[in-house]
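Participant: So you can see what is in the structure, the chains are spelled out below.
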Amino acid sequence: MEFIAQHPILVVSLVKIVILLFLTLTTLAYLTWFERKVVAHIQSRWGPYYVGAHGLLQPLADGVKFLFKEDVTPPGADKILYILAPFLALTLAITTLALIPFGPATIYIFGHPTQLVIANVDIELLFLFAITSLGVYGVALAGWSSNSKYPLLGGLRSSAQMISYEVSMTFSVVGVLLLAGSFSFNDIIEHQRGYYHHLPFIPRWHVFPQLIGFLCYITAAIAETNRVPFDLPEAETELVAGFHTEYSSFKFAMFFMAEYANMITVSCLATILFFGGWLSPFPDSWTWTQFLPGVLLLLAGIYTAYDTVMGMRGIARLQLGVVTLLALGLGVLCLLPGVMPVVQGPFWFLAKVLAFLFFYVWTRGTLPRFRYDQLMSFGWKLLLPVSLLNLVATALCIVFPLLVNRG
Amino acid sequence: MSLPFILFFAFAIIAVIGALLLIIAREPIHSALSLIMVMVALAALYLLLGAPFIAAVQIIVYAGAIMVLFVFVIMLLNAGVEERTNWSKIAKFAGLPLGVFLLFELAHWLARSAIGKSIASGSEATNTAASTSALSEMLFRKYLFPFEATSILILIAILGALVLAKRDE
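Quick mapping for you: the protein sequence lines, in order, are chains E and U.
Here my numbering = 1-based position in the first sequence + 844.
Here my numbering = 1-based position in the second sequence + 149.
Isolated chain U (complex conformation) (with noise of 0.2 Å):
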């Protein structure tokens, strides 16, 4: 048992629950809270793979940025408990076996691909471009052009943001 190995259990299961949770809790602000768990979580996996920077980015990001305007903006509206409908037949019969079929066909193929037979030999994964200036590398040079258009992208959704809002007045 090394140490990588109980972390990595340990902040998967975390993110399993929160997962759970986020689906099952009532309160919209629990379900938020969750999603929050799920993220920090995923970082610490980030930083088990080695990629310190995206870990970094996450938290950054999706935990301190977009789910504090989440957790905002239901504290805002004071969302009420929300109101459960029975389980619907078609995703009783339909959606439960499909779910449970994508998982083994997932873990199927996973388990055939290239990383899942080096994990299964027990050769390490190998550790490429870890490094915050190596990233910047890829990201700045080789992969500028999708870089630059994925921010104007983000951009024109910014000012279509604001365009709607602002029709209104």
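Chain E with its partners taken away, still in its complex shape (with noise of 0.2 Å):
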């Protein structure tokens, strides 16, 4: 007891590494949902429907099903490396939300100073980067240790691809650390307050004047991550399943969650650099935006009423029910005035999370893959050249007036 005494530190941080675990874990389950979902309404399809309420409990029903198939290891799988290829890719996938600031630097909870952030280090994003470097051992362990063809195949196709995609994307972040002067989100984000100067009604968010490398960033960021267009480790037309061919069962299910975590670190990311993260686009004199999380929750509540009592029979209705309850809930808990100030910051950021999570279901549901020759020229021939020079340009830029300004 005494140690735990001298060390605040270490409960304050479990307590909050468990709410944003199950957070987390939640979302991961919803996000699947989400993108079936979104993808069917992008094909004219419902989507899941049956289980639950617009199926709703789906994903605790993909959950208990991963749970009780059956194991199977592959004979002459290296056993030790097989299970630990899903842990390590699940583990650095969740671990980087560490790292991720969901609201402004000091907040006070119940007079309490505190930071929605786990791991405040001063240089945030070269942890991320050194966490999210190592995601790729997942991937090719697992395609390694199962001891059969299309997994290897698909293991020695990710690690190229995420090797290749890995260069682009540090460089196309590179701009944005030269305009911020400083590789602590927060920083990063206090960067990007307030509005140009002659244009009062644009924030200074850094994906105006880094366009171009937010546009080399989100490319590379969908290929480091996996996903379609750039989801050749995992194409089923050509390696079955790629690198998770031989997982069953819940290790199968780790690496679908991790993919998933990835995809919500690249948002939260591509948010942080260039769009501002918990920062609200509106100026600040506008009070009326603090109602804005509070009224949008009551207005999704008041819908899901409606479609509750008009759409819904049986026990769809009572499940229906208790989302609007939630809904109602949470959005009259954000209008109280001591919760509301808390809740701006991490309402601006996860709405700027999730557009950039539907951008990812969005391209999936519209574009083909890629060739394999195609993806590796598209990264090494034209994305490097143009993240470099953009990091050239932006140095000129920043230096050429410190030059003038000296005489």
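If you are wondering where the hints come from, they were derived from the structure by calculation, not from laboratory data.
In this text, all values refer to a predicted model and were calculated from it rather than measured experimentally.
Incorrect hints may appear among the rest.
[Unchecked claim] Quick look at which bits of chain E chain U covers, simulated, 3 or more residues with Cβ under 8 Å: (1) 978-987; (2) 1163-1171.
[What the hints assert, rightly or not] Calculated from the model, a selection of chain E residues having no Cβ within reach of chain U, i.e. all distances over 10 Å: (3) His851; (4) Leu864; (5) Leu911; (6) Thr917; (7) Pro919; (8) Gly999; (9) Ser1003; (10) Ala1004; (11) Met1006; (12) Glu1010; (13) Asp1075; (14) Val1176; (15) Met1184; (16) Val1236; (17) Val1248.
We put the CB at the ideal spot given by N, CA and C, even for glycine.
Dock chain one against chain two, each of which comes alone in its own frame, and use the hints as you go.
Facilitator: Below, the structure written as structure tokens:
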């Protein structure tokens, strides 16, 4: 007990970790639902509909199914690495979320100052890249340890792809670092506060001066997370299911969750670096925007209430009723004067991240897959030079005024 | 028992175990993974020393880039289990005593050095120039010439590798 009393940060961190882990795992589950629904509507289908109202219990059913399926280990597989690979993939993917600031540097909860981030280091961006650069091992080892040809090919493809696109991804971010002059997420976000001098309605988000950098980043990021149109490591027409062909049961689910967690991380990073993180796009003087989170939740609650009464029958009516109560309750909670300032940062952050996740799903529903040689030549011959040129141009733009001022 | 103290020993033990596994493992890919374990543990030790930048770079460059290439090549060649020779006589009669002797010598002189004395007397090691900006100040102002010379050396090595690889055509 004395040890814990000496290190209160351990307890605080533990509480934060438990909360974030719970929220993340729930989000991961419902992200699959979100993706299936959106893709279905893009393709004029309904998507999951029968398990729960609007298929809301589908992720739960999938989870139970994964847990109870037989867990097969192929003969000749390298047992240790075969088990290690999914753990490595999922752990590293979730660890990165510890570095993401979900709200302003210091907020007050019940009068106690605290931060909406778990690991508060000065050079978060570097640590994030450090952890994501290890993520390739999960995929590569899964491919190798399965002792089977399609997973091996998938693992090799994935390693090559991630090495190639990591370079462009890092270069595309350096432009933002030069503008903000810091590796710290909080500094980068604070640098984007305010409005342009001549155009007072455009926030100083980095996406405007760094548009090329942003386009390079989002392309490389989709490739890094092995998503359509860059999902060659798991191209089912060529490789069955790529690196996770031999995996079944919950180990397969872990790879699945790792992929979604990586999507969330990449979206968070894009939000922080290019879209002002938890900053509101509206000026501070517009105090009515403080009501937005609560009002939007209330509106969503009213819509689901309408749907509950008019569209649902039987058990589905009960399920959607619970969702309605949750939305209305959260909406009222967000409007309480004590809570309202606290939820502003997280609200804008999560809204921007959700927009990016929608973009991810949208590209999946729209674009066909690249061919492997196209992927490689695109990465090395177009993306890398463009991101390098962007970096050089940004550096010149920053250095030139300094030289002129010096005389 | 302070927290950094416990963490130091935890990561030091992980590093030593990784180094031992690297030598003992018979599968090349297990050896490569053990090396990654050593590198990540070392990064954690740098972090404890108050050098987060070095720690991050250690993971990005060594564990994230160089070792990925190692693992990639091992997978591509599908290298099998390595063959063991029995201990050679020289290793048994000269190598082992020499290794033990070096270890003791290192411990002996480290204890007498300035760093060892400051640790033994309980004073904190001086934490200078740990921040990233201070580091870059040193690197790009004070030691600019050695820094640039090193990067040109690496460039020459890359060009050399390209020339050697192209020769066959």
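Participant: Take the hints in turn and mark each one as holding or not.
Facilitator: Quick rundown of the hints versus the structure:
Proximity of the stretch 978-987 of chain E to chain U, defined as three or more residues with a beta carbon under 8 Å from a beta carbon of that chain, is established by the 6 residues found. With a cut-off of 8 Å between beta carbons, the stretch 1163-1171 of chain E has 0 residues touching chain U; three or more are needed, and the interface restraint is violated. With a cut of 10 Å on Cβ distances, His851 (chain E) falls inside the contact zone with chain U, its closest approach being about 6 Å. Every C-beta of chain U lies more than 10 Å from that of Leu864 (chain E), the closest at about 21 Å, which supports listing it as non-interface.
Residue-level check passed: Leu911 (chain E) sits 28 Å from the nearest beta carbon of chain U, beyond 10 Å. Against the 10 Å criterion, Thr917 (chain E) stays outside the reach of chain U, whose nearest CB is about 17 Å from its own CB. With a least beta-carbon separation of about 17 Å from chain U, Pro919 (chain E) lies farther than 10 Å from that chain, consistent with its non-interface assignment. Separation of Gly999 (chain E) from chain U is inadequate, the least Cβ-Cβ distance of about 7 Å not exceeding the 10 Å criterion.
Consistency note on Ser1003 (chain E): stated as away from chain U, yet its beta-carbon is not over 10 Å from all of that chain's, at 5 Å minimum. Annotated as non-interface, Ala1004 (chain E) brings its C-beta within 10 Å of a C-beta of chain U; the closest such distance is 7 Å. Not every C-beta of chain U lies more than 10 Å from that of Met1006 (chain E), the closest at about 8 Å, which undercuts listing it as non-interface. The claim that Glu1010 (chain E) lies off the interface is violated: its Cβ sits roughly 8 Å from the closest Cβ of chain U, which falls inside the 10 Å cut-off.
Chain U leaves Asp1075 (chain E) outside its interface by the beta-carbon criterion, the shortest separation being 19 Å against a cut-off of 10 Å. For Val1176 (chain E), the condition that its CB be more than 10 Å from all CB atoms of chain U holds, with the nearest at approximately 42 Å. Taking the minimum C-beta to C-beta distance to chain U, about 35 Å, the non-interface status of Met1184 (chain E) holds against the 10 Å cut. For Val1236 (chain E), the condition that its CB be more than 10 Å from all CB atoms of chain U holds, with the nearest at approximately 16 Å.
With a closest Cβ-Cβ approach of about 21 Å to chain U, Val1248 (chain E) is found to remain outside the 10 Å limit, as its non-interface label requires.
Comparing the model with each numbered hint stated earlier shows that hints 2, 3, 8, 9, 10, 11, 12 do not hold.
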